[in-house]
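If you're matching them up, the sequences are chains A and B in order. Counting from 1, one number per residue, gives the positions in the first sequence under this note's numbering. Counting from 419, one number per residue, gives the positions in the second sequence under this note's numbering.
Treat each hint with caution, since some may be false.
[As the list claims (entries may be wrong)] Part of the chain B face toward chain A, derived, beta carbon under 10 Å:
| no. | residue |
| --- | --- |
| 1 | A764 |
| 2 | A766 |
| 3 | S767 |
| 4 | S768 |
| 5 | K771 |
| 6 | P775 |
| 7 | I864 |
| 8 | I905 |
[To be verified] Residues from chain A that keep clear of chain B, each with C-beta distances beyond 10 Å, as calculated:
| no. | residue |
| --- | --- |
| 9 | L29 |
| 10 | K32 |
| 11 | E59 |
| 12 | I85 |
| 13 | K133 |
| 14 | R159 |
| 15 | K162 |
| 16 | E226 |
| 17 | N230 |
| 18 | F281 |
| 19 | V305 |
| 20 | V395 |
The hints are simulated quantities; they were obtained by calculation from the structure and are not laboratory data. Every residue, glycine too, gets a C-beta built ideally from N, C-alpha and C.
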Amino acid sequence: MRQFKNLVEFSLLIIIVLSLTGCWDQKELDQKAYVIGIGLDPHEAEGKVKVTYIIANPEVGSQQSGGGTNEPPQETITLAADDFISSRNTANTVISKEISYDLLRVIIVSEKLAKESDFIRWIYSAAKDREIKRSTKLIVTKESAAKFISNNKPKLETRPHKYFEFMIDRGQQTGMIPNTDLNDFFRVTESDADLFLAIYATTEKEESDRSNMSDDDFLAGEIQVEGVTNDAQFIGSAVFKEGIMIGKITGEETRISSLLDDTWDIGDFKTTFKDPFDERFRISARIAKTRANKFEFKQQSGRPVIDIKVPLYIEVLSDPSMINYAKNKEKVNDLKKAMRTKIEDNITKYIKYTQEEFKGDTFHLSIPIRTEFGTLGEFRDFDWMKSYSNAEVNVSVDIRFGEFGRQTKFPKLEEVRD
Amino acid sequence: MLKEMFKLFKKQQKKQSSSVKKLGGEQSDLKEKEFSRHLQENLSILKKLYSVPDNKDIKLRELYLEGFKKQAALLFISTITDVKSVEENILKPLTENTSSTKHVRDVVSVQMVHEISYFKDAVKDINKGNALLVLEGEAWAYVLDCPDFQSRAIEKPDNEILIKGPKEAFNEKAVANISLLRKKIRNENLIVEGIEVSQRSHNDVFVLYIRGLANEKLVTNIKKRLGSLEVNAIQNLSLLEEYIEERNYSIFPSILNTERPDRAASFLEDGYIILLMDNSPDSLVLPATFWSFFHSPEDHYLRIHYGNFTRALRMFALFITLFTSAIYIAITTYHAEMIPPDLLLAIASSREKVPFPAVIEILIMEAAFELIREAGLRVPSPIGPTIGIVGALILGQAAVEANIISPIVIIVVALGGLSSFAVSDLSLNFGVRLIRFLFILSASMIGIYGMTAFFVAGLFYMVSLKSFGVPYLAPLSPSYKSSKDTIFRRLVKNENIRPGFLKPSDSQKKSDGA
């Protein structure tokens, strides 16, 4: 037995050390309630917020066969709390399991709260919590977040995490909503040079007579959709300056902003242009930015002058005036010219709008400008946020055409109408 | 802590060296005697030594030899001698001989005839299946060579199965095994040395090496270690392995066991040393590195890409075996945010009805798997398939339906268990399977951090291990000159150096350009 004495001592040592250091307070997966989204609304009392939780029901839709359940896919609760960290325990008066932010996908903030100067205090607790990922998306809603959550009833993606994942991913691919997350919010706010764009969404429909506009110059709630579907619309952006919401821009403006921004990548950007050869129709085109923008910066008598070159790759998808561009080089040049003036015009208009309305840029212009300064101190002294509003920004667009759709032979109009 | 461990090991080794000098009941005083001129005197000693007539298969034949005009006696053990040879080559020539001038060695027609004068030598040779001839008036005896031990024929290997490559395996007869090796290495420098390692059963171990290739120091070291054993009996190599191993308590094997003569031969040609023994259908290769356990001869028999593919697969399987269960526990209990949401919710929902924490679940399944495996191995072959079906059915389907185990755990454990079979060497296989449980424990206590810490500690240990002076992970770490046949192999024509860690006398295997 004596030969085992050391072995026994050794293993006792290990057992004691591990029993003191092991994580014995850990919780199993099934003992947690997974919050997919947090809604934040202002509360009447000072220093309090209304927190709404969307809690996923893991039993819905996770098993291929059998084990079907009649439980709803999600559970929502709203409660008043000091912040959304301590609200976890308050929520346990209603929810039986420990609240976990492991699967947190979105933080939904009402426009009203976002416009309050205290908003930044609430949202910064997200940076403190270990479970909240910086890739969480920030959504600003027109109505209260609680109302948005209760009205938002996806018909097909009933599981909330799937719905938000797909909705936001696809919206970012089409460029209708900005490709930003919580990390960008903190980064932009802390660098104090640009404006931050958050996803704008609503479930409240608005009657409007803007039918004569292009099909993406809308804000959430303005698009007229008929049929049996969800009320929530995700389009446009909420603009934040120094952590406070100061305005909103439409889907088209969000797309323009994305063209100027090298930090975003838009996958599927389809839009229309007025047909230069027939005023009544519009040409569909897919725009891609395959190369990075070129920025040139100089200062002329104290006024910053910036030249931006935007290389665009455009595929023309429709041909309503039946010209057949693939066979007609002259018309292609005309089209190119028309498109270029139109795009340059739109971009310049948008830049002017941001300079006058927001007094800041929404497309990370400070990043290429930064490299023009020797030190970070010099750049800070320059104060980009202030100088932007009276800067001269010249935009030139360089269009390269891709294909012109499938090349089937078009019938001659005269022959058809014979 | 490590110091404690070392102390422990040292103590063990000291204990072993306390020796037993006297062997009781061996009639050593009789054996020390010399043969006398009187036949009857000699015979009475032999009868006493062999307990004739109690011992039924000891045959003592007394006869009068006409030619020599002498009384004679022939003694042999009928069960291990070639009785036919005794009749035809010994008895017949002796009785038919009429010339008195001839010597015994001229009369009998067996392969070898020795003259001996001590009883202890006589006993040793008789026990090896030889016949002993004693003549009246001669103070010595003749040992006539005619052993015939029962054994099976050369068969296909059972454990190291290959698709491509030779299909012979070692059997229990050392002579046959040596013959298989000589068939592959036709060189007079292949030395077969016999060393007796036990005092009562007189088991011989054959040390094989190629002179001029194997490191002389290593050979003498091993021979010394074999010669210094003081044991009554060592039946076979599997038992011998434990006697000559350096670290008996280590979880990693340090001597390679192979039943394939082709594999043994290629190790010999690289300068390794092979041990063979009667009653062992395998051979021991020493020194052994981690890679020799990890490799399979088929890696070289297949074309290079196919061989390397199986090596990659095997390495992958090794890690799967070690880590899947542990990673599942670590991630589900500590790092839930790592799991994609769909999977996380699926695991959470399937776990909702299961009563045990993930660790217990995994341990139950692992234990069940090991049980099926062990039971399936020991079960008589007609019942074998039943165990498999019952095991799979009960433990898979029913456990899930009874809400004892969640279905994902079955996948995890089955994957790990199945992968463990890809590690073909039995010793390494056991090592890996045991280490897997340690990983499960460390993962259940401190998550991925615990696993990493344990893995690093394990690597430290592996690097510190040595097998007969050769580092366990050589030639990868520490780096040695070698053909770089480690995780992947190179073209056979480029593997032109013998492994440097063996310090072979001639390290060049092929000319560079070959």
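Now for the hints, and whether the structure bears them out:
no.	hint	result
1	A764	4 Å, holds
2	A766	4 Å, holds
3	S767	4 Å, holds
4	S768	7 Å, holds
5	K771	9 Å, holds
6	P775	5 Å, holds
7	I864	6 Å, holds
8	I905	32 Å, violated
9	L29	5 Å, violated
10	K32	7 Å, violated
11	E59	4 Å, violated
12	I85	17 Å, holds
13	K133	7 Å, violated
14	R159	8 Å, violated
15	K162	8 Å, violated
16	E226	32 Å, holds
17	N230	20 Å, holds
18	F281	44 Å, holds
19	V305	47 Å, holds
20	V395	41 Å, holds
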